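Student: Protein chains in written order, with my numbering: chain A, 1 to 323; chain B, 1001 to 1321; chain C, 2001 to 2599.
Just so you know, these hints were derived from the structure itself, not from any lab. Treat the hints with care, as some may be off.
For each label pair, taking beta carbons as the anchor points, the in silico distance ranges come out as [as the list claims (entries may be wrong)]:
no., chain 1, residue 1, chain 2, residue 2, range
1, B, Asp1171, C, Glu2293, 27 to 37 Å
2, C, Met2300, B, Val1061, 55 to 65 Å
3, A, Ser302, B, Pro1088, 16 to 26 Å
4, C, Arg2207, B, Ala1052, 39 to 49 Å
5, C, Val2533, A, Asp82, 46 to 56 Å
6, A, Ala51, C, Gly2392, 25 to 35 Å
7, A, Pro291, B, Arg1007, 46 to 56 Å
Note that the structure is a prediction, hence the values are computed from the model and not measured. The beta-carbon is built from N, C-alpha and C at its ideal position, and this holds for glycine as well.
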Amino acid sequence: MKRAGIGLVIVVASIALFAPYLAPNSPDRRFPNLLYAPPTRVYVRQGGFRAPFIYQWRIVSRLERSFRESRVRAVPLRWFADRRLVTADPDNNAPLLLLGADAYGRDVFSRLIYGSRVSLALAAVAAVVAVIVGGVIGAVAGYAGGRLDDLLSRVSELVLVLPAMYVALALRAVMPLVLPASSVFILLTMIFALFGWPIVARGVRATIASERQREYALAARAAGAGPVRVLRHLLPAARGFLTVQGSLLIPAFILAEATMSYVGLGFPDTTPTWGTMLQDAANVTLIVEAPWMLAPAAAIFSVVLAVNLIVQGTGRPPVQLGK
Amino acid sequence: MTAFLIRRLLFAIVLVVFAASAALLLTRLAPGDVTSQLGPGATRAEIAATRARFALDRGLVAQWTEWAGRAVRFDLGESFLYNRPVAPLVRAAAVNTAALAVVALVTATLLGLALGVVTGSRHDAVAAIVRVLSLVSISIPPLLASLLLAFIAARTGWLPVGGMSSVNASDMSWPAWLSDLAWHLPLPVLALALPLAATFERLQSQSLAEALHQPFVRAALARGVAPSGLILRHAWRVSLRAICGVYGVAIGALLSGSFVVEYVTAWPGLGRLMYEALRARDIYLVAGCAAMGSFFLAIGTLAGDLLLAAADPRVREAEPA
Amino acid sequence: MTVTRSRYLGVLVTAALLVAGFLWWRAATPENGLRSRAGTVPRRGGQLVASLRTDPRSFNRYVARDFTTEALTTLTHDRLVRINRATFALEPRLAERWESSEDGRTHTVHLRHGLSWSDGTPFTSADVVFSFEAVFDRRTESLLASSLIVAAQPMRATAPDADTVVISFAGPSGPGVRLLDNLPILPRHKLQAALAGGTFAEAWDTRTPPGDLAGMGPFVLREYQPGQRLVLDRNPHYWRHAEDGTALPYLDRVVLEIVPDQNAELLRLQARAIDTTQDALRPEDFVTARRSEQQGVLKMVELGVALDADAFWFCLKPEAKKKDPRFAFVQKPQFRQAISHAVDREEFAQTVYLSEAVPVWGPITSGNRQWFDPNVPRYPPDLDKARALLKGLGLEDRDGNGVVEDAAGTEARFAVITQRGVTSYERGTTVLRDRAAKIGIALDIVPLEFGAMIQKMLASDYDAIYMKPIMTDLDPAASMDLWLSSGSGHFWNLEQTTPATEWEKRIDTLMLEQAAATDDRRRHELFNDVQRVLAENLPVLYFAAPRMYAAHSTRVINVMPSVLRPPILWNADLLAVNGPGADSSSASAEATADAPSSH
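Work out the full structure: start from the sequences and follow the hints.
Tutor: Structure, rendered in structure tokens:
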């Protein structure tokens, strides 16, 4: 199963990397007459078989968001045109909308794959940093015990108790008004790592504290091994927790980016992200009428599934307890 | 043991003071203040009067000292949004959230741990389905999940669409009121418990699978001892340690209230109160909510540590390295 | 391998379950609601459930202006006169009739005879005089005081006898008696002690037991469950009767549920858990509401065009901007006119409000039927004209980067602050940015959190802002803070002592005259001039005002929708429900128990 997971991750990463080529349209291009348009259907039959084509959506009622296909003209899909893998005819208001359009008439599919770059990069980097920082602190606390353990555990609680929203607001206030995307990225990574490490540390601490009482660890200490050496042998016990918790942090950070953008600490709206796309779709009417806007949730799920398959497919033959 | 408890309780006090003070400080630092809530038509006099009322025209240290002096007597100041003293407001909201949190915690623990044991010890279709459902639950943002649940409740009519009590609750007798509350609980409880259960399930699954690789289990199986509840129970106790580590944080987070769930399901709890206070920069209310939340977190981590010690006696016996 | 196959199977089965679930819920439709019966004759009895967003900040309207307190006051208190929210006509309420002197400065108001407060105490002119005292009391610093000031002096009220009040203004007033709609009358016997003791501002806070409250309105507060709801029962001593003699209000009980989330509100409306909301529907929800209407669950009503439109303005405070090289061209009206020409208001209405909006060019929209001037100069979309205007100011794209700059090389690039999370702002700024880019003006949209935005606005520390500063009053003379250059609501240039430009001075003169003129036609002439000056100089740009709709359950009859909030509850005494309400059995049992004594 691990290989399936790795394969999925590679697919997702390639999509993110090659987004400008794979997206049929530019992610911030608005089609004013196609607000909330449903996905364009791709046909291959007209009489006999022919190259794939679509029909243009014509608006019937803007308020009711109803469209009908304009059968006047069959718009063929163009391959390898405009430096894109496939596209239809966006300049004549007949774009290829594989996942429909959002509230501004922007192609959801293109925004989804462009958004993967920011969301995944941010979540992955922040998760790695949180895991490393939390892992180190937790391991030290768990191994040392006593005063140091107390101190570090209490520090982790002090961090957990801070109102994240205000920290973000205060940070935003000292930043210049117009923030480039790179600054936002660094800031968000720092904030997520800051609020993410305590939970990692607590789990690691509990694991290491228990593990260091195991016979092999006691023996190693009795034989005079230094703390770093013993710790190195204890850490694999926490590896399982670290990987699972890290994999749980990824969707949490993807979604937390939307919350942060709520207090102004987000990417400029020309940069799509999965978190904000989902937040915009969180509307009772849209869920029923335009369910394609929930595509980012499916995307997050596939990423989470991929990571989980890797993480939990440790390669060792599983111990089968059931009959 | 008593020394340990006393130390932790003392720290709980430190944590509460720290949280409330940090909230005060950060509220002052955040741009804008409570006078933004007066609306664009407010006069200079009104703005100045409101600032004076919340000591915003004085220095930070002066304000903190004044607040601390009153807080010792449990007088946490007044709220701008509600025009009432903070302490009873926070207390009432905390009770509401606690009712929700306890039920959600029990649900999530039972569901998550049980399912985690299933997926950790078996590798068949059932385990795969459960795992996929878990991952789905983790991928959905809480806002969307709450909305979906509310939507299902509205369409099917099985549950009320939010709220803590029915419209004519005050006319009900005690037993009727309790069952009314029970009828209103499932929606927010599910919204809170499902993602948490999924987290527990993932953690439990991983650590049980690892624990089953321990020498005594492999040895017993190799000797031909039939896999039995005894082995499972022992392995399970070992697998609990990481979960106990994060359990305390989960308790604290649940008791502090989830803003999103309480907002969508109209549950008058601490999460919603704190968020509204944060948005309005209602300084004393923010401090009060932060104090309450940190108190719960301290209790939660203490409970988590006690559970850890109960589950894994080796932790208790440890001396400092 | 068994493991892999079972995993794939697991994924497939789960996917199948999810798809099945999705199909099921799409197919699930709410039960067909009861078609409203043919009879729409209002009858006494029944309960109405309305939703609100927040808890009330106080039960005392004199010191709190949040919407919930306002709604509560509408239900539990009454005024001397009322401006009908649907027809905008002046109606007598506690006052039966009145006479005004020749110079418009003295008004003799005759109260209805024999009225009582909700606790039975007789209502007299002493209560009216008391209310005036309380609102102008120095220690109270009531928010309502500024709306009752004429010619910079508070109104004075005296009571020659128990049924008459004489109100004197310090000068002539355009709105005149209409200003009395701003003052709910409070009971002297309940609050006199607090006023005398200087604690009136703290009186009637939300901890007050409902038994201590009394009002002249159709309902009485029976219970407040913090965070959840307010329950109001019929006021047995309410003064008003329907045309056929039935004692009003028709409803036995009104429940105000506190529902913070608009999505949950809509769901409850569809599930018939609530009967009406306090807010207009969002444009994206129209189609859902319409569908529910077709199924007989709801009824949609058109409220009219909104009175306020979203505004876009640059900071025009010379003291704050004098070192800013861009201010040289920003302060010229031609710059703002160019932007107004660049925006296609039809496209704007389509994108931002899904076509349910009308273009506007000034602060008064067609929703304000009495004061709207359709002859206000307009700016049809014309990119060439816009570019020509900019060129006339010396702004051209000299370096070919798509952004115009002046001769010294200062680019026309601005940071536009707006509030995060408001759909119409987010959409509006997107459209604005795209259109401004076409004429070479670069706008960077910066969504900020509400408090952060207000702070920048009050400190005049911004380039431009896009939001809706609310103008609450229909009559322009009641919003002098906005029009006068010295006013606290003069948002593009706050804290001015003297007018910064010629046209601001002209508006000051016109508005002061308008507020004091008593001839209606003259007032309209003056105000049309004001609108024209504003449209020519464009300190603020407006684009489109939404058409508002509200929805209520089919049970509710006798609804008179209003574009002012609360859209449906404002005439709660005339609302009635058709068919059994939730638990109406207990409510109507109480109603027969305390049948009103005949008046």
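Student: If a hint holds in the structure, say so; if it doesn't, say that too.
Tutor: Here is how each hint holds up against the structure:
no.: 1; hint: Asp1171/B <-> Glu2293/C: 27 to 37 Å; verdict: 32 Å, holds
no.: 2; hint: Met2300/C <-> Val1061/B: 55 to 65 Å; verdict: 56 Å, holds
no.: 3; hint: Ser302/A <-> Pro1088/B: 16 to 26 Å; verdict: 48 Å, violated
no.: 4; hint: Arg2207/C <-> Ala1052/B: 39 to 49 Å; verdict: 23 Å, violated
no.: 5; hint: Val2533/C <-> Asp82/A: 46 to 56 Å; verdict: 50 Å, holds
no.: 6; hint: Ala51/A <-> Gly2392/C: 25 to 35 Å; verdict: 53 Å, violated
no.: 7; hint: Pro291/A <-> Arg1007/B: 46 to 56 Å; verdict: 53 Å, holds
Consistency note: the structure conflicts with the earlier hints numbered 3, 4, 6.
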